[in-house]
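Respectively, the protein sequence lines represent chains W and A. Its first residue numbered 0, the first sequence is counted upward by one per residue in numbering that gives the first Met the number 0. Its first residue numbered 0, the second sequence is counted upward by one per residue in numbering that gives the first Met the number 0.
There's no promise every hint is true.
What the hints assert, rightly or not - Pairs of lysine to any residue residues, derived as SDA-like cross-links and limited to a Cα-Cα distance of at most 25 Å, are as follows:
#1 W/119 to W/252
#2 A/135 to W/8
#3 W/308 to A/135
#4 W/394 to A/68
#5 W/308 to W/334
#6 W/394 to W/280
#7 A/57 to W/290
#8 W/9 to A/141
#9 W/178 to W/102
#10 W/308 to A/114
As the list claims (entries may be wrong) - To spell it out: a stretch of chain A is covered by chain W in this simulated footprint if at least three of its residues, at any positions, have a beta carbon under 8 Å from a beta carbon of chain W; those stretches are:
#11 50-57
#12 76-86
#13 93-100
#14 106-115
Treat the hints as calculated values from the structure; they're not laboratory data. In this text, all values refer to a predicted model and were calculated from it rather than measured experimentally. Cβ coordinates follow ideal geometry from the N, Cα and C atoms, glycine included.
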Amino acid sequence: MAWRNIWRNKLRSSVVIMAVTIGLFGGLAATGIMKGMVVDMVKNTLETQVSNIQIHNKDFMANKEVNFLMKNTSEIISKIKTDPVVAAVSERTKSFGMASTASKGIGVIINGVEPENEKKVTQLFNKIEEENGTYFTSDKKNRIIISENLAKKLNVKLKSKIVITFQDYEGNLTGASFKVEGIYNTHNSMFDEQNVFVKKTDLDRLLNMPENTSHEIAVLLNDFQDTPETVERIKKAVPNYLVEGWYDIDPYLKLTSSLITYMLFIFMSIIMLALGFAIVNTMLMVILERTKELGMIMAIGMNRFKVFKMIMFETSMLAVVGGIVGIVVSILFTWHFGNVGIDISEVAQGFESLGYSSVMHPVLELIDYIEVIIMVIITGIIASIFPTIRALKMKPAEAVRD
Amino acid sequence: MKVIETKELFKTYTETEVEVKAVNGISLSFTEGEFAAIVGPSGCGKTTLLNLLGGLDKPTSGSIIIDGKDISSLSSRQMIDFRMNNIGFVFQAYNLIPVLTAKENAEFIMNLQKKPKAEREARISELFKAIGIEGKENIRPSRLSGGQQQRVAVARALASKPKFILADEPTANLDSKATTELLDIMRKLNEEENITFIFATHDQRVIDRAKRIINLDDGIVVKDETEVV
Numbered sequence: 000m001a002w003r004n005i006w007r008n009k010l011r012s013s014v015v016i017m018a019v020t021i022g023l024f025g026g027l028a029a030t031g032i033m034k035g036m037v038v039d040m041v042k043n044t045l046e047t048q049v050s051n052i053q054i055h056n057k058d059f060m061a062n063k064e065v066n067f068l069m070k071n072t073s074e075i076i077s078k079i080k081t082d083p084v085v086a087a088v089s090e091r092t093k094s095f096g097m098a099s100t101a102s103k104g105i106g107v108i109i110n111g112v113e114p115e116n117e118k119k120v121t122q123l124f125n126k127i128e129e130e131n132g133t134y135f136t137s138d139k140k141n142r143i144i145i146s147e148n149l150a151k152k153l154n155v156k157l158k159s160k161i162v163i164t165f166q167d168y169e170g171n172l173t174g175a176s177f178k179v180e181g182i183y184n185t186h187n188s189m190f191d192e193q194n195v196f197v198k199k200t201d202l203d204r205l206l207n208m209p210e211n212t213s214h215e216i217a218v219l220l221n222d223f224q225d226t227p228e229t230v231e232r233i234k235k236a237v238p239n240y241l242v243e244g245w246y247d248i249d250p251y252l253k254l255t256s257s258l259i260t261y262m263l264f265i266f267m268s269i270i271m272l273a274l275g276f277a278i279v280n281t282m283l284m285v286i287l288e289r290t291k292e293l294g295m296i297m298a299i300g301m302n303r304f305k306v307f308k309m310i311m312f313e314t315s316m317l318a319v320v321g322g323i324v325g326i327v328v329s330i331l332f333t334w335h336f337g338n339v340g341i342d343i344s345e346v347a348q349g350f351e352s353l354g355y356s357s358v359m360h361p362v363l364e365l366i367d368y369i370e371v372i373i374m375v376i377i378t379g380i381i382a383s384i385f386p387t388i389r390a391l392k393m394k395p396a397e398a399v400r401d
Numbered sequence: 000m001k002v003i004e005t006k007e008l009f010k011t012y013t014e015t016e017v018e019v020k021a022v023n024g025i026s027l028s029f030t031e032g033e034f035a036a037i038v039g040p041s042g043c044g045k046t047t048l049l050n051l052l053g054g055l056d057k058p059t060s061g062s063i064i065i066d067g068k069d070i071s072s073l074s075s076r077q078m079i080d081f082r083m084n085n086i087g088f089v090f091q092a093y094n095l096i097p098v099l100t101a102k103e104n105a106e107f108i109m110n111l112q113k114k115p116k117a118e119r120e121a122r123i124s125e126l127f128k129a130i131g132i133e134g135k136e137n138i139r140p141s142r143l144s145g146g147q148q149q150r151v152a153v154a155r156a157l158a159s160k161p162k163f164i165l166a167d168e169p170t171a172n173l174d175s176k177a178t179t180e181l182l183d184i185m186r187k188l189n190e191e192e193n194i195t196f197i198f199a200t201h202d203q204r205v206i207d208r209a210k211r212i213i214n215l216d217d218g219i220v221v222k223d224e225t226e227v228v
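Given these sequences and hints, build the entire structure.
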């Protein structure tokens with residue numbers, strides 16, 4: 000009967016259901032987009048540079064000087080690789096210097112990588128379009144991978160030469176000419192403008208680095224959620240060096256991904272509060288219109304608990320039906336645009352400089368939907384309390400006569 | 000056999016500045032098979048008395064004994080169950096539930112009583128035949144005439160086999176033909192099945208058919224005549 004009552008005034012019920020649907024869809028879509036942006040940013044950052052865990056000389060992170068290096072790195076890497084959750088390990092030499100052409104010079108971080116190992120740990124090689132060269136396929140010395148942004152700023156193209164100058168291990172100013180082999184684009188303009196990549200062997204030679212040393216060891220895990228426990232294990236295996244998870248290396252990433260969870264809750268709470276008031280208003284009108292009928296059913300023997308259940312069911316159903324439709328629409332939206340993406344590059348050019356991709360891929364997880372379903376049910380129940388109390392206060396004798 | 004008895008029944012309303020004694024010390028009894036009309040001018044206390052008899056309202060003092068039980072001492076929860084199992088109501092405005100069919104409306108109380116489906120179907124079929132609305136079972140109230148709706152309301156009141164039926168102005172919204180037909184049905188049920196009907200009315204057509212007429216004025220029984228037909 001309660002279900003049929005909902006459809007007594009089709010237009011009114013449809014308007015309320017529509018309001019819930021649109022409200023939920025709006026909230027979920029906006030959250031999905033924001034979450035997708037953050038997920039993309041985190042994924043992009045972990046994939047292109049940070050990986051899951053990094054190991055450094057304790058002083059290197061503070062001073063960024065080439066002589067704060069790690070020794071016996073091949074032994075350290077062998078130890079780390081014995082851990083079953085570790086998928087790949089790569090070591091890097093890092094230096095800070097100037098990339099110059101005839102027209103311009105820009106300060107950069109020079110990353111000396113082992114191409115084959117690095118490909119297993121980070122996905123930078125995938126960020127080079129076919130027409131923009133290759134990722135260290137040449138056996139020749141002094142090849143460099145730079146970003147599209149940097150290439151524009153330095154006014155260079157593929158196969159152009161760039162002079163890199165930096166301080167070597169002994170503190171002498173040194174430099175070399177590098178030929179551009181590949182041009183990448185991670186869509187994170189801050190990262191792109193700062194980082195250039197060369198082979199570790201080239202950089203080690205130019206820096207006069209001692210044998211079997213490096214500045215950074217990057218570790219990729221099979222599942223990044225195992226990071227905290229693995230960090231602890233590696234700390235025990237490598238006690239003299241600084242071992243950090245991605246969330247310590249880039250706290251901003253951790254903060255943004257935690258914030259998004261709260262945002263969903265706050266966002267949806269506000270929407271549900273507004274919808275709750277709309278539902279209460281509608282149900283109060285319904286009770287007023289059905290005063291006589293409710294009085295009659297109580298007069299002929301329907302007890303207050305059954306009346307309570309009926310009104311609560313009717314109210315909750317308005318929220319639940321709207322909720323289900325809203326969630327289904329949101330699932331379809333997230334699924335479609337999660338695959339296709341929403342390109343906002345034309346209207347949000349500054350986005351990339353903040354580390355976000357200008358192509359948004361909405362993401363919502365099962366837990367987000369569960370959270371929203373629970374909120375819809377709670378809203379339905381809370382919204383039904385006031386109308387139900389109003390109905391139960393009715394005196395059958397008066398209601399029937401009114 | 001007495002089905003209802005009231006003893007020194009009072010109902011006083013004190014919500015307004017002036018105290019109103021709607022029922023002022025009424026002692027009455029109704030026996031099984033009565034076809035009685037409580038009559039009188041507007042505001043004489045007809046509906047108040049009917050509400051007290053039906054347990055829809057509590058008396059200020061006095062007692063209402065139904066089947067040997069004083070219902071004025073029942074809690075509101077007990078009263079709801081008591082009404083469901085013992086009293087049938089017919090209202091002026093039919094008060095059928097628009098989203099239910101005629102049959103569903105009629106079996107509403109039996110559903111509340113959790114009667115099995117077979118018993119419900121047999122009873123409704125029997126009643127619809129008796130009150131002349133066979134074939135209207137699956138029609139919703141909005142598609143029935145006023146007379147037909149009130150017949151469904153009578154079927155609903157009778158479905159649970161109550162001890163008596165209380166009808167408050169049941170013909171007020173009906174035309175002459177529908178009124179005559181409805182009264183014929185009620186009188187027939189009263190005579191053939193010994194069902195007790197108590198009306199609150201000022202409709203002369205109902206008064207003309209009543210076997211007993213109780214005249215009220217200012218909450219007092221001023222005249223109580225039996226077998227005037």
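**Message:** Tell me the numbers of any earlier hints that the structure contravenes, in ascending order.
**Reply:** 3 and 5
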